[in-house]
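This is what each chain is made of:
Protein chains: 2
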Amino acid sequence: MSGSTDVEAAVQEVARRARAAATELAVATRAVKDAALAGMAEALLRSNADVLAANVRDVSAAQAAGTPEAIIDRLRLDESRVAAMAEGLRDVAGLPDPVGEVVRGSNLANGLELRQVRVPFGVVGIIYEARPNVTADAAGICLKSGNAVLLRGSSSAAHSNAAIVEVLRAAAEAAGLPADVVQLVTGEGHEPAKALMRARGLVDVLIPRGGAGLIRSVVEESTVPVIETGVGNCHVYVDRDADLAHAVAIVLNAKTHRPSVCNAAESLLVHADVAEQFLPLVVPALQEAGVTIHGDRAFQEYDGVAAVTDEDYEREYLSLDIAACVVPDLDAALGHIRRFSSGHTEAIVTGSQAAARRFTAEVDSAAVLVNASTRFTDGGELGFGAEIGISTQKLHARGPMGLPEMTSTKYVVTGDGHLR
Amino acid sequence: MSGSTDVEAAVQEVARRARAAATELAVATRAVKDAALAGMAEALLRSNADVLAANVRDVSAAQAAGTPEAIIDRLRLDESRVAAMAEGLRDVAGLPDPVGEVVRGSNLANGLELRQVRVPFGVVGIIYEARPNVTADAAGICLKSGNAVLLRGSSSAAHSNAAIVEVLRAAAEAAGLPADVVQLVTGEGHEPAKALMRARGLVDVLIPRGGAGLIRSVVEESTVPVIETGVGNCHVYVDRDADLAHAVAIVLNAKTHRPSVCNAAESLLVHADVAEQFLPLVVPALQEAGVTIHGDRAFQEYDGVAAVTDEDYEREYLSLDIAACVVPDLDAALGHIRRFSSGHTEAIVTGSQAAARRFTAEVDSAAVLVNASTRFTDGGELGFGAEIGISTQKLHARGPMGLPEMTSTKYVVTGDGHLR
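Going down the list, the sequences are from chains A and B. Read the first sequence against our numbering and you will find it ends at 590, with the numbers running on by one and no gaps. Read the second sequence against our numbering and you will find it ends at 590, with the numbers running on by one and no gaps.
Okay, chain A solo, but in the shape it has when bound (with noise of 0.2 Å):
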């Protein structure tokens, strides 16, 4: 318990120090942050050496604890990867300051002038998983919006986050910034992030990047404010007016693509229609590609496709798996839908115009795509440049986060006496 305030303590203390940072970052040019940048950039590259010799600490203790090859794949950094995060620090230099943009203007009948202009949140806290080049990319984008950021990465990245950091602070600071714009929360166990979830008034906002379960965690536990990212079980629905050569295309790539992640397509919907055509289209093209389909009656008619359960329905594969089902009408898909998506990507395939209009309207998820793959929820695709992940709540930002999302909003009133 005194252990436990200890840590408490300590994290408050680093949030203190975070909100005097924030409060000189907030009122930063864009020049002086791009050069933050910049500088930041350079030096990873010109400390290659030590940022690889403490990854490599971590890559062997993560060996050494018998650590699955894929977790230590995602742990490893080597001369691309920083190359990679420089690259990247660079990009979001290249992006437009959100900080002073004049969202709404105008002026009131009685003469005063108002104006409601982006402001940095504050005080940003991300906790993530293992990927050390996380640690760049979400310090770029809070820097850039003007936030100062809390880092609680996982500890078995515990070295190579801490020499990211060291090199990202004396940038900082060599800009003319605080070195306190970027911190790294440490110590052992799960005790430092539950102290971060609990600073409320002290963290602006809290973003937690990963799997299910950590969201879920952080969801449930924080007093501070959260931004629900990145759980995806996204559906294709293949209308009965679907063109069928373009149906297939899109479920493949929509799964296939890149399995691992948030918008790629869990579950494929197809109307009874056009089942009878399109399933000998799609069973083999998936199969091919290897893919295990977890299908209903219609699909189980196909060698090698498992019987598929709700379980299935609500599952985030995240693998070379997929559930399908044959639906009777669009009602059907859109009651499946509701029932079972988690609000991130949903697609319909269709030619037929009153389908796709009943679909944007009535599916209730951060993005709604008709006649395109699920892969283009992404901020890069988008347009939006760097992003620190995709919302899936409805509060504050939903679907990819750009560096505008990374703001809030004031009103500022001028007069000239105005009294009421």
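Any given hint might turn out to be false.
Stated by the list, open to error - A short list of chain B residues far from chain A (calculated; beta carbon distances all over 10 Å):
no.	residue
1	Asp176
2	Gln182
3	Glu183
4	Arg200
5	Ile241
6	Pro268
7	Pro348
8	Gly380
9	Asp443
10	Gln457
11	Asp473
12	Asp480
13	Ala537
14	Gly553
As the list claims (entries may be wrong) - Some but not every residue of chain B turned toward chain A, in silico, with C-beta under 7 Å:
no.	residue
15	Gly371
16	Leu372
17	Asp374
18	Ala419
19	Asn423
20	Thr426
21	Ala531
22	Leu552
23	Thr579
24	Gly585
25	His588
26	Leu589
Honestly, the hints are just simulated from the structure, not real lab data. From the three backbone atoms N, C-alpha and C, an ideal C-beta is built for every residue, glycine too.
Based on these hints, arrange chain B on the given structure of chain A.
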């Protein structure tokens, strides 16, 4: 424990009905919603007698319980208050429909059509205190923004709220909407509100309206995303370069125009260079208006000024009291505000462009006013029409929340077979 579980199950059932109603309401046209609002207004006027009879029961019970007259006054309805509720519903009908508004739209390089469109949250919970007029106001704003609403008023207004909700539900149904777009969360004690706070996934957003204690408890206990509203420890800073006649008028207006509301001024800061001229003007003006000044040494030179403490600087008086002190310069004023402000509204009175620029840039509050009374931080005054409350948090909405702030967005992306 089993009692609490029953309450939880009952609230979840009400929330499920709200979700089903919300699915229909989300795609209702503006014409249908406006007809429902007009019907609700008419029905309230027509059912005047029933509503007032129910209110008499609440008022009598409160009187029998020895409730203070000030609170009974907030609880009491009469013909003109019912008429004001009806008028409020008609005003909301007159406002533009936020749902369907295209917030951002472009065609991407690959020909994909990207549209970010306003959509309702879905199910909104409102937890509020004595005033029964909130029942009609909140229902109207939620209906127009396409949200089903769960209303949890105070038990002291239970009969009044039940009578009003019955009228509103019948009118919604008569206009072709499900009655469950408006529901009351009933039951004794704190359990129903707590069940609402735990209904994550069933309720999309929770908005507490009431005193600081209510808001704090919702913020701390809720797993449903919360929009924090209303606590205002607002400052007026009179700068060295202020027009002192304007300054006196602004301080008086901000403090005395309506002392019980969140945008009333609670603290006065005066630049040392003008203290000698300004205090002889502002102290008698405030005292003649019946204001008790809690001042520092400079203010205590005047008769009737009480000694100020840090507790005074922290307080939202909501009464004819004001904390007051002389500060050496603008930096000290900014530091004082950083330390004590609740982030609602702060005003500077100054003729200096440089001081105004620094104040508006560095004060981190929902609204920052230059040469105008803090009383302007109000949805009606700023031209937003009806307002559900004033957000003092940074996530989602900050400042007065009108209809657009009661919506989320989704991305609609249209292609013709687009793949990554």
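The hints, checked one at a time:
{"no.": "1", "hint": "Asp176", "verdict": "holds, 23 Å"}
{"no.": "2", "hint": "Gln182", "verdict": "holds, 16 Å"}
{"no.": "3", "hint": "Glu183", "verdict": "holds, 17 Å"}
{"no.": "4", "hint": "Arg200", "verdict": "holds, 14 Å"}
{"no.": "5", "hint": "Ile241", "verdict": "holds, 26 Å"}
{"no.": "6", "hint": "Pro268", "verdict": "holds, 14 Å"}
{"no.": "7", "hint": "Pro348", "verdict": "holds, 15 Å"}
{"no.": "8", "hint": "Gly380", "verdict": "holds, 19 Å"}
{"no.": "9", "hint": "Asp443", "verdict": "holds, 20 Å"}
{"no.": "10", "hint": "Gln457", "verdict": "holds, 19 Å"}
{"no.": "11", "hint": "Asp473", "verdict": "holds, 27 Å"}
{"no.": "12", "hint": "Asp480", "verdict": "holds, 17 Å"}
{"no.": "13", "hint": "Ala537", "verdict": "violated, 4 Å"}
{"no.": "14", "hint": "Gly553", "verdict": "violated, 6 Å"}
{"no.": "15", "hint": "Gly371", "verdict": "violated, 10 Å"}
{"no.": "16", "hint": "Leu372", "verdict": "violated, 13 Å"}
{"no.": "17", "hint": "Asp374", "verdict": "holds, 5 Å"}
{"no.": "18", "hint": "Ala419", "verdict": "holds, 6 Å"}
{"no.": "19", "hint": "Asn423", "verdict": "holds, 4 Å"}
{"no.": "20", "hint": "Thr426", "verdict": "violated, 11 Å"}
{"no.": "21", "hint": "Ala531", "verdict": "holds, 5 Å"}
{"no.": "22", "hint": "Leu552", "verdict": "holds, 6 Å"}
{"no.": "23", "hint": "Thr579", "verdict": "holds, 6 Å"}
{"no.": "24", "hint": "Gly585", "verdict": "holds, 4 Å"}
{"no.": "25", "hint": "His588", "verdict": "holds, 4 Å"}
{"no.": "26", "hint": "Leu589", "verdict": "holds, 4 Å"}
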